Amino acid sequence: MDTIQSHSDNKQTMTFSKNVNVYWQETKFEWLKSIRNPAFALPAITFPGLFYVFFGVLMNGHNPQAATYLLCTYGVFGVMGPALFSFGAGLAIERGQGWLDIKSASPMPGGAQVISRLFVSMGFSVLILLSLGGIAASLTDISLTLSQVSLLSVILVLGGLPFCLLGLTLGLSLKAESAPVVINMVYLPMSFLSGLWIPIAMLPSFLQSFAEFLPPYHLSQLALKVVGLDAGGSVAGHVLILALFSGIFYVFAVLASRKKAN
Amino acid sequence: MSQQNMIAFAKGLNKSFSGKPAVVDLDLEIHAGQVLAILGANGAGKTTLINILLGRLSHDSGDVNLFNAKAGSLEAKRLIGAMLQVANLPETLKIKEHIRLFQSYYPNPMPYEKVLAYAGLEKMQNRYSKKLSGGEKQRLLFALSICGNPKLLFLDEPSVGMDMESRQSMWQAIRDLKRAGTSIVLTTHYLQEADSLADEILLLKDGKVVKRGSSEEIKASVNHTSIRFCSDLDAAVFEGFEGVVNCSKSGKYIEVQTSNTSQCLQQILAQYSDLEDVTVERAGLEEAFKQLSQ
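As given, the protein sequences belong to chains A and B, one line each in that order.
Going letter by letter, the first sequence gives residues 1 to 262 in my numbering.
Going letter by letter, the second sequence gives residues 1001 to 1294 in my numbering.
Next comes chain A alone, as it looks inside the complex (with noise of 0.2 Å):
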């Protein structure tokens, strides 16, 4: 009674080159529908420089130390932009409208999502160190080697990953009309307690001691260590600090995803 025929054109497959190409797909129009939309890709590429050239470029008096201090961690400040926004904003916000259901009605693999957002917010990282190279180039002193520049690129735009799976975690929680205000409020205070917009030595020593347990600090201290700037840890354990933070995110993650499936 309850047999379905197969038929046997029932079975599909993709090919190998077929599953790349969803990836691909996912991520280039991932990358249009991002770059088109101003509230997110103008705040995003302009508000690091634009710091920069305020704290790290005016107000220093041309001090090739701090503007080189500064430059990593707006860096980093940059990086984590676009991580938790296009995370978490941009998913939220998809997921509130229903779209999200569409796209988990089709046969989309599951990780297309979190890859082509993983790329493109690579994408802006290189867009905002370009722009915060420039800055730096053209109006300080700083100079860095060749290999400094590239090793300081690396580790800012591989950085990024901890702050997209937070985005992740947030994007699966928060409600869309919340999301950007609250994923504001994690970001900015992180960013100046983590003493990325003025130097962590200028903090009260509370506040300092405070900043070990915050992501961005570690990765701060990884880049200032490539100019020789930083507080004297070891690269070990920052790196090790920031994938524990990586692997609580990605847990939260899967568990608010499940809590969404259910």
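In case anyone wonders, no lab produced these hints; they're calculated from the structure.
None of the values given here were measured: they were computed from a predicted structure.
There's no promise every hint is true.
Part of the chain A face toward chain B, derived, beta carbon under 8 Å [unchecked claim]:
1) F29
2) K33
3) N37
4) E94
5) Q97
6) A105
7) S143
8) V186
9) K225
10) G228
Here a beta-carbon is modelled for each residue, glycine too, at the ideal position from N, C-alpha and C.
Once you have looked at the hints, place chain B on chain A.
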């Protein structure tokens, strides 16, 4: 419809949300090339049922099977399409970009031009989804649901927000898809939509099927007249008369529902001339559905 053509079924399906039943003991069969309409008031369980069939909601008990695969499995998803109710689409992509993206999800997508033609979007390929009206948005969602050349298409309230012209052209597209071998399950508020498209109609109320049958059968059972009169006789006595579909007695009154009013009335009066207080009332289709889902 023969058993061999069955492509999906649900059997003894139950689902409740924190103790409140949403779908109760529901059986359902979907056959190849069939249009099945699920009707019911808000909260009758239509959307819950669709979401279970899509594998987006888990069910408490019962079996769900689509193409011998689990609902929500990748294998099932590649053979189905779904048009769900969506408040908004990502605004900064163009119609053609949305379609290209969804085509990439499927092993054998429907050709691009064909998708456009079915959805009637040929003239607005380059429009951003931000600039679409409600009806145009529905057409885009329809286009996305057929991108994969589905064998089974779920349409949840497809014509909401559409003007009469777009509605007619979507109905035509549904008929064309059906002719090309696609089975369609649609939920709707519009009786006319179900009437003009569906081979089988399922009327849901409180998660239960209260009526099922072809459009003609449903019409026959609901598009009847009620002859009411006062009599001491048993209701069953009237069952044999012309076109009688149902007889019932409440108090002194007997109600005979017939599809052939004049013949039936003549026969009854010829045999029982002593009936009192005879009234004849015609129930419209719309009214009858209201009655069934009350």
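Hint-by-hint comparison with the structure:
1. The beta carbon of A:F29 is positioned within 8 Å of a beta carbon in chain B (closest approach about 5 Å), and the interface hint is therefore held.
2. Interface restraint check for A:K33: the shortest CB-CB distance to chain B comes to about 5 Å, inside 8 Å, so the restraint holds.
3. This hint holds: A:N37 has a C-beta 5 Å from the nearest C-beta of chain B, less than the 8 Å allowed.
4. Interface restraint check: A:E94 against chain B, minimum CB-CB distance 6 Å, threshold 8 Å, status holds.
5. Hint status for A:Q97 relative to chain B: holds, with the closest Cβ pair at about 4 Å, below 8 Å.
6. Among the interface hints, the one on A:A105 holds; its C-beta lies about 4 Å from the nearest C-beta in chain B, closer than the 8 Å criterion.
7. Of the supplied interface hints, the one on A:S143 is violated, with its beta-carbon coming no nearer than about 40 Å to a beta-carbon of chain B, more than 8 Å.
8. Interface hint at A:V186: violated, since its Cβ lies 24 Å from the closest Cβ of chain B, which is beyond the 8 Å cut-off.
9. For the restraint placing A:K225 at the interface with chain B, the shortest Cβ-Cβ distance is roughly 39 Å, beyond the 8 Å limit, so the hint is violated.
10. For A:G228, the interface hint is violated, since its Cβ never comes within 8 Å of a Cβ in chain B; the closest pair sits about 43 Å apart.
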